[in-house]
Amino acid sequence: MNFILGFYTGIVNGLREVWAHKFRSFLSMIGIILGVAALVAMVGVVQGMIQNMRIYFENAGGITRIFVEDMEPPVEQQPFAHLSPGRTYNDALAIGAGSTFIETVAPQLNIGWRRIQYGREREHAPLRGVGPERLSTMNQGIDEGRWFGDLDMEQASLVTVLGGHVVRDLFEEGESPVGQKVKIQGKMFTIVGTLEYLGTDEDRRRNPYYWQNRVVYIPLTTAMKRFNGDEKINELNIFIQDVSVMQDAIAQVENILLQTHRGIRDFQVRTMEEQLAEFKKLERSFTLALGGVAGISLLVGGLGIMNVMLAVINERIREIGVRKAVGARGYDIFIQFVAEAVVISVLGGIIGMIVSVGLVHLLKSVVTSDEFRIVLSPDAMVAGFFFSVTIGVAAGVYPALKAASLNVIDALRYE
Amino acid sequence: MAVFELQDVHKTYKMGSETVRALDGVGLAIEPGDFAAILGPSGSGKSTLMHVLGFMDRPSSGQIWFEGKEVSRISRDRQAWYRANRIGFVFQTFNLLPRLSVVDNVLLPVSYSREKMPDKRERAMSALERVGMAHRADHVPNQLSGGERQRVSIARALINKPSIILADEPTGALDSKNVEKILALFEELVDEGQTFVMVTHDNEVAAHTRRIVRMRDGQIEEDLRR
Ligand SMILES: Nc1ncnc2c1ncn2[C@@H]1O[C@H](COP(=O)(O)OP(=O)(O)OP(=O)(O)O)[C@@H](O)[C@H]1O
Ligand SMILES: [Mg+2]
Numbered sequence: 001m002n003f004i005l006g007f008y009t010g011i012v013n014g015l016r017e018v019w020a021h022k023f024r025s026f027l028s029m030i031g032i033i034l035g036v037a038a039l040v041a042m043v044g045v046v047q048g049m050i051q052n053m054r055i056y057f058e059n060a061g062g063i064t065r066i067f068v069e070d071m072e073p074p075v076e077q078q079p080f081a082h083l084s085p086g087r088t089y090n091d092a093l094a095i096g097a098g099s100t101f102i103e104t105v106a107p108q109l110n111i112g113w114r115r116i117q118y119g120r121e122r123e124h125a126p127l128r129g130v131g132p133e134r135l136s137t138m139n140q141g142i143d144e145g146r147w148f149g150d151l152d153m154e155q156a157s158l159v160t161v162l163g164g165h166v167v168r169d170l171f172e173e174g175e176s177p178v179g180q181k182v183k184i185q186g187k188m189f190t191i192v193g194t195l196e197y198l199g200t201d202e203d204r205r206r207n208p209y210y211w212q213n214r215v216v217y218i219p220l221t222t223a224m225k226r227f228n229g230d231e232k233i234n235e236l237n238i239f240i241q242d243v244s245v246m247q248d249a250i251a252q253v254e255n256i257l258l259q260t261h262r263g264i265r266d267f268q269v270r271t272m273e274e275q276l277a278e279f280k281k282l283e284r285s286f287t288l289a290l291g292g293v294a295g296i297s298l299l300v301g302g303l304g305i306m307n308v309m310l311a312v313i314n315e316r317i318r319e320i321g322v323r324k325a326v327g328a329r330g331y332d333i334f335i336q337f338v339a340e341a342v343v344i345s346v347l348g349g350i351i352g353m354i355v356s357v358g359l360v361h362l363l364k365s366v367v368t369s370d371e372f373r374i375v376l377s378p379d380a381m382v383a384g385f386f387f388s389v390t391i392g393v394a395a396g397v398y399p400a401l402k403a404a405s406l407n408v409i410d411a412l413r414y415e
Numbered sequence: 001m002a003v004f005e006l007q008d009v010h011k012t013y014k015m016g017s018e019t020v021r022a023l024d025g026v027g028l029a030i031e032p033g034d035f036a037a038i039l040g041p042s043g044s045g046k047s048t049l050m051h052v053l054g055f056m057d058r059p060s061s062g063q064i065w066f067e068g069k070e071v072s073r074i075s076r077d078r079q080a081w082y083r084a085n086r087i088g089f090v091f092q093t094f095n096l097l098p099r100l101s102v103v104d105n106v107l108l109p110v111s112y113s114r115e116k117m118p119d120k121r122e123r124a125m126s127a128l129e130r131v132g133m134a135h136r137a138d139h140v141p142n143q144l145s146g147g148e149r150q151r152v153s154i155a156r157a158l159i160n161k162p163s164i165i166l167a168d169e170p171t172g173a174l175d176s177k178n179v180e181k182i183l184a185l186f187e188e189l190v191d192e193g194q195t196f197v198m199v200t201h202d203n204e205v206a207a208h209t210r211r212i213v214r215m216r217d218g219q220i221e222e223d224l225r226r
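Residue numbers (the working numbering), protein chains in the order written: chain A, 1 to 415; chain B, 1 to 226.
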């Protein structure tokens, strides 16, 4: 009760002191204000990066995706390595038929950038040959029309599905692309469907899905037969049922591929785990760096408060003497000065939160690009506030102890 | 029962190899209703004695009874309690806090007294009334003359109804007209039964009191009642 009362009086006195010395109080708050603002801004930057990486990671199929890549065969197999057909459409069919742990097999042939022409409008887009199953592995739905079916695959039809960005570029608002024809590398393709536009912003730097919206899809068989003239594919993604069967699934896929590749180990099955580990490592080191820098800036803020408090106490030795002479205990003086530190750091923390909002907006408008996004994190604001208050109070303790231990008579004599 | 009783009180300061005997065997009794002046040359130990009586300092040796209790070795916090509740101290330089209003200055000992006082504002106002300063309650000390400030500091000394008021050269910083007024106020307080001890250099001031204690070299040279 006594403690609360003493503290309350201290807070009131503290506010009065802060108000009476606005400029000095502001100076002592600057460290805390900048500390909080820096912390929030840095958390914003790092969270933005992490968010981007997460989107990238999820776009890449998440943790249940495994994929087959080409590999140099071992030395002893090299003389007859040509016996292997390499990664082909057949691999995908064999895995689909032979494996029990698998949800989806998605073979793909990336043709590269091609010109897409509709009347007088042209557009460059990455062209990809994919199967009917590919749609279920995307984070994207059909906007209009349909996706490829088995018949398109069988007949290697000249049909295409356009990404949202391509649609916006080639067609007028309100004009339906479905049923229209576009020319790709001299061939006329019928548009059978369009994909949803992902994200909201059309600016490349603000929309993490920008590149995905630019893709143009054709059936895999069309890509193989009409563009490349063989059965080879250059991406083989396999989605397993569950992470728990990962090892078994990998073993199965390897067995099947050894068969189709005639025993030649010119492939390797890889998982997203390496990427995930990399991602986690990056996240951790960012967090540590962030914590370090923010901690140091807040520490500097705390030292600022301590410095000003020490100067203030020197100015107020007589006041301390008078208060003690009329009955203040060391404890009362201690509480008074700690309460002032609390007032200064709480005010500094609040101003810091306000400044941080401005700082984050400023950074956003100045440095945003597609790898560098900034988010305003309320958690970071609250954490920064409490951290700064703790530091501020801790910084006030030493000066307050010094004030509390002053001798009455010496303090009264002090000029 | 005496307000204060001192027996063989010493206070020594060590300055390097030298020892200063600020109090060198002081024996003294202050009875309720006493109005005493402490006189003596500079450096004779008057202020030191006042500090010891005012619970701001502790003697190096000897005993002090305050209202029958031995208090020469009590803790600092206990000393603070006595300063807040039992002693009124008046300084030569007033020692008011410049940023507090007159009434808040008067209330300062109450805020540290740790005793319940529901009517503290009325008490502060009546203390200000007593010294003729109630009309300036909301001013700050800088707006007052020296004499007025000293009145406020006397009101502050009175607020907790102390057993004794100790004043160290209370008229030292005042002009003769104000000295008269302050002395008249002291006499009134004494007439009302207030025990009062003050240090002064001025024989005319001392002439107003009823007891004169002369000090020299940390000792009491003479103690005369009238
Ligand atoms: N903190 C201290 N350290 C060392 N010596 C001290 C201290 N305080 C007082 N003294 C010494 O003790 C002696 C008594 O001092 P005190 O202040 O009591 O004198 P005083 O009678 O009040 O003098 P004045 O009339 O000048 O005020 C002096 O010699 C002084 O120098
Ligand atoms: Mg003196």
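Think of the hints as simulated: they come from the structure by calculation, not from any bench.
A portion of the hints provided could be inaccurate.
What the hints assert, rightly or not - If you want the ones that stay clear, here's a sample from chain A, every Cβ over 12 Å from chain B, calculated:
| # | residue |
| --- | --- |
| 1 | N13 |
| 2 | N237 |
| 3 | G330 |
| 4 | Y331 |
| 5 | D332 |
| 6 | L363 |
| 7 | L412 |
As the list claims (entries may be wrong) - Which chain A residues face chain B? A few, computed with CB under 7 Å, are given here:
| # | residue |
| --- | --- |
| 8 | I4 |
| 9 | A94 |
| 10 | L290 |
| 11 | L406 |
Being a predicted model, the structure only gives us computed values, none of them experimental.
Just so it is clear, CB atoms sit at the ideal spot from N, CA and C, and this is done for glycine as well.
Each hint, compared with the structure:
A Cβ of chain B approaches the Cβ of N13/A within 12 Å, the least distance being about 9 Å, so the stated non-interface status is violated. Look at N237/A: its CB is around 74 Å from the nearest CB on chain B, clear of 12 Å, so calling it non-interface holds up. Its beta-carbon lying about 7 Å from the closest one in chain B, G330/A breaks the requirement of being farther than 12 Å from that chain. At roughly 7 Å, the least C-beta separation between Y331/A and chain B is not larger than 12 Å, which violates its mark as non-interface.
With 12 Å as the threshold on Cβ separation, the claim that D332/A sits away from chain B is violated: the shortest Cβ distance comes to roughly 6 Å. Consistency note on L363/A: stated as away from chain B, and its beta-carbon is indeed over 12 Å from all of that chain's, at 42 Å minimum. For L412/A, the condition that its CB be more than 12 Å from all CB atoms of chain B is violated, with the nearest at approximately 7 Å. The closest approach between the C-beta of I4/A and any C-beta of chain B is roughly 13 Å, which is over the 7 Å cut-off, so the hint fails.
Interface restraint check for A94/A: the shortest CB-CB distance to chain B comes to about 88 Å, outside 7 Å, so the restraint is violated. Here the hint on L290/A is broken, as its CB sits about 42 Å from the closest CB of chain B, past 7 Å. A least Cβ separation of about 11 Å between L406/A and chain B goes past the 7 Å threshold, and the interface hint is therefore violated.
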